[in-house]
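For the protein sequence lines, the chains are A and B, in the order given.
No gaps in the numbering here: position 300 of the first sequence is 299 in numbering that gives the first Met the number 0, and each next residue is one more.
No gaps in the numbering here: position 60 of the second sequence is 59 in numbering that gives the first Met the number 0, and each next residue is one more.
Simulated from the structure, these hints should not be mistaken for laboratory data.
Warning: the hint list may mix true and false statements.
Computed spacing ranges between beta-carbons, pair by pair [stated by the list, open to error]:
hint, chain 1, residue 1, chain 2, residue 2, range
1, B, Pro181, A, Phe28, 25 to 35 Å
2, A, Val353, B, Gly203, 52 to 62 Å
3, B, Glu182, A, Pro19, 26 to 36 Å
4, B, Glu284, A, Ala435, 16 to 26 Å
5, B, Glu22, A, Ala197, 18 to 28 Å
6, B, Leu402, A, Ala245, 21 to 31 Å
7, B, Asn126, A, Ala106, 45 to 55 Å
8, A, Phe28, B, Arg201, 13 to 23 Å
9, B, Leu333, A, Gly53, 26 to 36 Å
10, A, Asp211, B, Glu22, 34 to 44 Å
11, B, Glu284, A, Ala106, 56 to 66 Å
12, A, Ala14, B, Pro181, 20 to 30 Å
13, A, Arg338, B, Gly53, 26 to 36 Å
Every residue gets a Cβ at the ideal spot worked out from N, C-alpha and C, and that includes glycine.
Protein chains: 2
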Amino acid sequence: MVFEPETAVERLRDAWPGLPPDERVRGFFALPRDEQDAFFLGLSPRAQAQILLGLSDDGHRRSCIRILAPDDAADVLQELEPDMRSRLLDLLDEATRHEVKALLAYAEDHAGGLMSPRFARVRPDMNVDEAIRYLQRQARDRLETIYYAYAIDAQQRLVGVCSFRELFAAAPERTVREIMHPEPIAVREDMDQEEIAALFRRYGFLALPVVDASSKMKGIITIDDIVHVVHEEATEDAQKFGGMEALEAPYLQTRLWQLVRKRGGWLALLFLGEMLTATAMARFESEIARAVVLALFVPLIISSGGNSGSQAATIIVRALALSQVRARDWWRVLGRELRTSFTLGAWLGLLGFVRVVLWQKFHWMDYGPHYLRVATTLWISVTGVVTFGSVTGSMLPFLLRRLGFDPATSSAPFVATLVDVTGLVIYFTVAMLMLAGTML
Amino acid sequence: MVFEPETAVERLRDAWPGLPPDERVRGFFALPRDEQDAFFLGLSPRAQAQILLGLSDDGHRRSCIRILAPDDAADVLQELEPDMRSRLLDLLDEATRHEVKALLAYAEDHAGGLMSPRFARVRPDMNVDEAIRYLQRQARDRLETIYYAYAIDAQQRLVGVCSFRELFAAAPERTVREIMHPEPIAVREDMDQEEIAALFRRYGFLALPVVDASSKMKGIITIDDIVHVVHEEATEDAQKFGGMEALEAPYLQTRLWQLVRKRGGWLALLFLGEMLTATAMARFESEIARAVVLALFVPLIISSGGNSGSQAATIIVRALALSQVRARDWWRVLGRELRTSFTLGAWLGLLGFVRVVLWQKFHWMDYGPHYLRVATTLWISVTGVVTFGSVTGSMLPFLLRRLGFDPATSSAPFVATLVDVTGLVIYFTVAMLMLAGTML
Chain A
0 MVFEPETAVE RLRDAWPGLP PDERVRGFFA LPRDEQDAFF LGLSPRAQAQ
50 ILLGLSDDGH RRSCIRILAP DDAADVLQEL EPDMRSRLLD LLDEATRHEV
100 KALLAYAEDH AGGLMSPRFA RVRPDMNVDE AIRYLQRQAR DRLETIYYAY
150 AIDAQQRLVG VCSFRELFAA APERTVREIM HPEPIAVRED MDQEEIAALF
200 RRYGFLALPV VDASSKMKGI ITIDDIVHVV HEEATEDAQK FGGMEALEAP
250 YLQTRLWQLV RKRGGWLALL FLGEMLTATA MARFESEIAR AVVLALFVPL
300 IISSGGNSGS QAATIIVRAL ALSQVRARDW WRVLGRELRT SFTLGAWLGL
350 LGFVRVVLWQ KFHWMDYGPH YLRVATTLWI SVTGVVTFGS VTGSMLPFLL
400 RRLGFDPATS SAPFVATLVD VTGLVIYFTV AMLMLAGTML
Chain B
0 MVFEPETAVE RLRDAWPGLP PDERVRGFFA LPRDEQDAFF LGLSPRAQAQ
50 ILLGLSDDGH RRSCIRILAP DDAADVLQEL EPDMRSRLLD LLDEATRHEV
100 KALLAYAEDH AGGLMSPRFA RVRPDMNVDE AIRYLQRQAR DRLETIYYAY
150 AIDAQQRLVG VCSFRELFAA APERTVREIM HPEPIAVRED MDQEEIAALF
200 RRYGFLALPV VDASSKMKGI ITIDDIVHVV HEEATEDAQK FGGMEALEAP
250 YLQTRLWQLV RKRGGWLALL FLGEMLTATA MARFESEIAR AVVLALFVPL
300 IISSGGNSGS QAATIIVRAL ALSQVRARDW WRVLGRELRT SFTLGAWLGL
350 LGFVRVVLWQ KFHWMDYGPH YLRVATTLWI SVTGVVTFGS VTGSMLPFLL
400 RRLGFDPATS SAPFVATLVD VTGLVIYFTV AMLMLAGTML
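Working from the sequences, and respecting the hints, build out all of it.
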């Protein structure tokens, strides 16, 4: 039994993420010849492309690319420059080249770009025994995997589906039409991968058929392709949520200037937005000059708003992504957030109140004769800012989706910036009301 | 062809996330009797448990729970109180009850809690024809899905595996031993679901066998179970990252006091940490009193640090989660982040410099006769704070993992709090150096 194998292959696989391209190619060559194929198959399309580029002769390239299924070959070619692409296409046999070319016409993140054209097909009027023998021939020949057998009519239209298990368990003399499920769920070739992932999650399928506008069957998307999509989308969402553009490659393979560009755009935008805090603070400059103690709590106040806003945004973005919350639920979410965050804010504010009073009593800090008013200002402001932050954080994803953006787009820092400016206005307004006639 | 069906079932499925439990049960009953089974199968274990609780008689309960595979039944029972659990166990037939009880002994997020005991077994010395006929009998009887056939010796130990396609495509007279892969990768029954998901991602398997300490085969985990795990872990990570404890139920089904509890703990901790900003500011109280203009830029400075830190933390947390970066890469990451963030910081700082100079020139704001020194202070501070923020944000996930915590634990707000305090110290130190003898 092998749990954590320690062969040359495993050591290379382990070192892989940290290796620069040329060392990857060298490491691949150093593998025993009979391990190379399996290793190559396990790589990402990007890494497969690096290996193919690194190979010196077309014979070796041919033997590598020929072991790929057409959809995987298309993914690799999409990573390469046009001239290398057509050179590699020429190395494929006629039938596969035809399939790969058809796949290259689709966008990578649409159904057509994810599907494999090698699905298991049967005719609705075969009997079970014939169908199994027909599938057995296809399995020897060209099938990658067998989940479902698709019943296709003479016009290549998808008319039914049965799981392999159903076919296998049925009496041999029944017809496919008798055991198949008519009108199967199918996706159109231009459906986006995120929608497809949602369908897989919703129905628990292992594979979905892909059809064109006239219901002709074009291929299948299998769940293992979708696992990659889910990981990819989770990473993209996390990066967008963290306030940057999604990276196109793994971190260590991304060039530095690309990192600067992907992060710099949003940072600069947030920085410009945050400049409004300087404007807001300037409006209260004379109050700060009269009661410097007010300035001391500025970071505390605005960060509470930012933190509670980022919590709320996180919850709602994930709930929207998993369809646990729909657009029309915004009103219910608002009600829940108002109650939750008012409670949270009141408690946090109380912590702030106690802190000021304690520090004053123990003479660790002197907040002046009106320290109780200062402490109360803090309490009220934190309650207001936390409530405002959560409401903003929970409503912004709905608003972004309504405007046609991805709800994950930069939500956390975006919320923080909005809340910082408003938080300052809330804080100083409360302070002017509480301290008028005493400190102000 | 059905893309977006609009039947009663679909309407219920659509409304489902927003429905309270009793309306769910009512909606389920209102479905045509022959649709109920399929609908029930598509629900989450939590929702299935709600339905079972809502049913009034054991006959109906029996017909619902009997359609579940043993691993799914175990998931449902885990959602229920002990008395309801044993009542439902009694409704199962002898053999299934035995299987379900065995599964209930495992932790939900370990291999044993995810696996199905109904795998396709063959003997290594059968020939292909015998093996296919043996599988055909199992398919009629008890198999859920057929991906791989597992070769089991007389002691129930796993000795090999072949994909169904391989078996199906092989010449009928060869033996299973000839075509099987010996020493298959297997997972131990107590392996954690996150590790299992990583194995699936790494090797691209459709199913993995689960064995006990003596290599006895106990069940299989299939990729569709893992898709749920990936979604679940992504949500948990996002919530932890957003600075809260992970919710146990979908947002709209979580009670308000639970929301308060899950969010309040971290918020309070962060609030207490952020109180250090008040302490830090107090140390510079006299500088603020002499140059109130310094206070105006406090939110701008600390938020730049927080934003760049949250970007860096996001990137590294995801890269660690997908094993694109390993623990030993911290040194390379540090080098990359220093260069990237210094560049970013210098550009953002320049924006700040330009803003002060422009506002002064156009008389929108008066920063005093030493406005160029103020602008330079801003430039240098932003550069330092952004660099410090990115380095902290990128190193903290490594540190958390090293200390045995999940790297995602509250990284973004945690980083922001750390960076806020240090950012203030950097800013006021730069200010004292730049403005000594003029404004201070």
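Of all the hints given earlier, name the ones this structure violates by number, lowest first. none
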